[in-house]
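Visitor: Throw the hints in and build the complete structure from the sequences for me.
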Amino acid sequence: MPPVDAGGPPSRSYLYYRHTLPVRIMHWTNVVALTILLMSGLQIFNAHPALYWAGKSSYSGVPPVVEMGAREGGESGYVGYTRIFGREFNTTGVLGLSNSADGRLSARGFPWWMTIPDDPWLSMARSWHFFFAWVLLINGLLYVLYSIGSRHLSRDLAPDRRDWRSIGRSIRDHLRFRHPSGDEAKRYNVLQKLSYLLVIFVLLPLIILMGLAMSPWMDTVWPGWVDLFGGRQAARTIHFIAAWLLVAFVAIHVFEVIVSGLWNHLRSMVTGRYRIVEERHEPLA
Amino acid sequence: MNRSPDAERRRFLSRAFGAIGAVALGGCERLSRSEWFPKVLGAGEAASSAVARAVTSRRSMAQEFTEADRSPMFRSNGTAEPDTDAYRAMAANAFASYRLVVDGLVEAPASLSLADVRALPSRTQITRHDCVEGWSAIAKWKGARLGALLESVRLKPDARFAVFHCADPMAEDGTDFYYESIDLEDAFHPQTILAYEMNDTALPVANGAPIRLRVERQLGYKHAKYVMRIELVPSFAHIAGGRGGYWEDLGYQWFAGI
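Each protein sequence line maps, in turn, to chains D and C. Residue numbers for the first sequence follow our numbering, beginning at 1 and rising by one. Residue numbers for the second sequence follow our numbering, beginning at 1 and rising by one.
Treat the hints as calculated values from the structure; they're not laboratory data. Ideal placement from N, C-alpha and C gives every residue a C-beta, glycine not left out. There may be inaccurate statements among the hints.
Have a look at the derived ranges for each label pair, beta carbon to beta carbon [as the list claims (entries may be wrong)]:
1. D:Arg165 / C:Glu185: 56 to 62 Å
2. D:Ala54 / C:Thr201: 50 to 56 Å
3. D:Leu197 / C:Ser76: 22 to 28 Å
4. D:Ala54 / C:Gly26: 40 to 46 Å
5. D:His27 / C:Gly42: 24 to 30 Å
6. D:Trp225 / C:Arg160: 28 to 34 Å
7. D:Ser260 / C:Met73: 53 to 59 Å
Covered by chain C, according to a simulated footprint, are these stretches of chain D (three or more residues, beta-carbon under 8 Å) [to be verified]:
8. 37-47
9. 52-65
Partial selection, computed: residues in chain D whose CB lies under 10 Å from chain C [claimed, not checked]:
10. Leu122
11. Val135
12. Ile208
13. Leu212
14. Thr220
15. Gly224
16. Gly231
17. Arg267
18. Tyr274
Guide: Next up, the structure:
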């Protein structure tokens, strides 16, 4: 794409059209859908705040790998705990036991400010979750079709030979918070490409598939397919882990956006236009 | 003071994002409690139901397990013992006085004793019970095939749903009896049975004695316990809250396949 505001007096920077309208719309649709899916998902988790790995059901005689709850004890009379592989951690105030929105202490997995709705309300959380699951799925399918059709995938996302060779340097650059400028800033760097591809083609399909594995109706498509993932309870655990891997991705993504120019990136994901600062500085007259 | 256009834009953007965030978080709570928004969310359920049925056959079978997969303890959820004198009296004499009524849009209404139900064509299956809460448990069930029973009473052409009226009152004052409904596709599904045995013994009271429905492609709350009457209807809009089940009336999805 040519510079947008070429012309006028010579300048050291110009706006570059970086993100097309469909990509911008689908990006912000994902922000909304994933946020709601996470928060309503945590509310659904709270209905049975335990995760299992072994066994074909949650009552197989094998204890859960993760469990949250509240029991009597401590100074206030109750303690919130999180048990991971049999080791118990006191997580009062956040996990297992926390204040509800109106300040009453209540036994619940994740606290009210992390869930939709605030208060325990499983049926409403399911309504939110399964509506926005469709939003995510349709948005994701449109994105993949668009990315192939517009060559966004082959042009911008697929790593080329130069990318593979620069992987070591890219890791060092990221660790030093050094970010590309000039023409290099017009393209995704190799770590960025790989993490986007991982999210688009591995994590998101996996979390959707593990959601379907929990559906007793979808299990009947090919009886036994859920066992390929260790059974329904293991699928639920993988769904949960994949959700937090997506949270980790978003945390790193937002961190990188902030350290490499928050406003420039925000503008480019809203208007499409990203300011490129040229590396060669002409002396000012 | 003159602000640069960039600073203006930043101020605008940061306010816009802050406002969107605040509205979004407070708004979800309001939307949940509104009249109209849950109906919009209902489109998700409609899509799930339509797609789930489109990608499976009418007779797609739920996974069946081995004896070794059975849960050491099969959890009792919901009612553990119906709190009525009528039920207690019936349980006290081993359900000798129990009658399963089949009526509504049928040519030959029936009233079956437990022995009559046990004499119907049966099926035995080891299946996983998936609760809407997220847990699951595996047990072996033996019961009368609902399809065979419905064939024997001959449905009228406008029958579309089977409604299961149960013996357990859900309100403190002994009213508001549990009920559920399924469509005829599920009713005639080979794995849909009126279970009278669990793990090779008579169905315990805690699990729905003398009879509970097994409708294996759906979540636990569809599997009505303490079934007393099966009513064939063209629509369930006139029953209780009109949404086809006790939990459905409280906002749960009628299609519990997901």
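Visitor: All hints, please: hold or fail.
Guide: Do the hints match the structure? See the list:
no. : hint                            : in the structure
1   : D:Arg165 / C:Glu185: 56 to 62 Å : holds (58 Å)
2   : D:Ala54 / C:Thr201: 50 to 56 Å  : violated (27 Å)
3   : D:Leu197 / C:Ser76: 22 to 28 Å  : violated (47 Å)
4   : D:Ala54 / C:Gly26: 40 to 46 Å   : holds (42 Å)
5   : D:His27 / C:Gly42: 24 to 30 Å   : holds (27 Å)
6   : D:Trp225 / C:Arg160: 28 to 34 Å : holds (31 Å)
7   : D:Ser260 / C:Met73: 53 to 59 Å  : holds (55 Å)
8   : 37-47                           : holds (count 4)
9   : 52-65                           : holds (count 6)
10  : Leu122                          : holds (7 Å)
11  : Val135                          : holds (9 Å)
12  : Ile208                          : violated (12 Å)
13  : Leu212                          : holds (8 Å)
14  : Thr220                          : holds (4 Å)
15  : Gly224                          : holds (6 Å)
16  : Gly231                          : holds (9 Å)
17  : Arg267                          : holds (7 Å)
18  : Tyr274                          : violated (14 Å)
Against the hints set out earlier in the document, violations occur for numbers 2, 3, 12 and 18.
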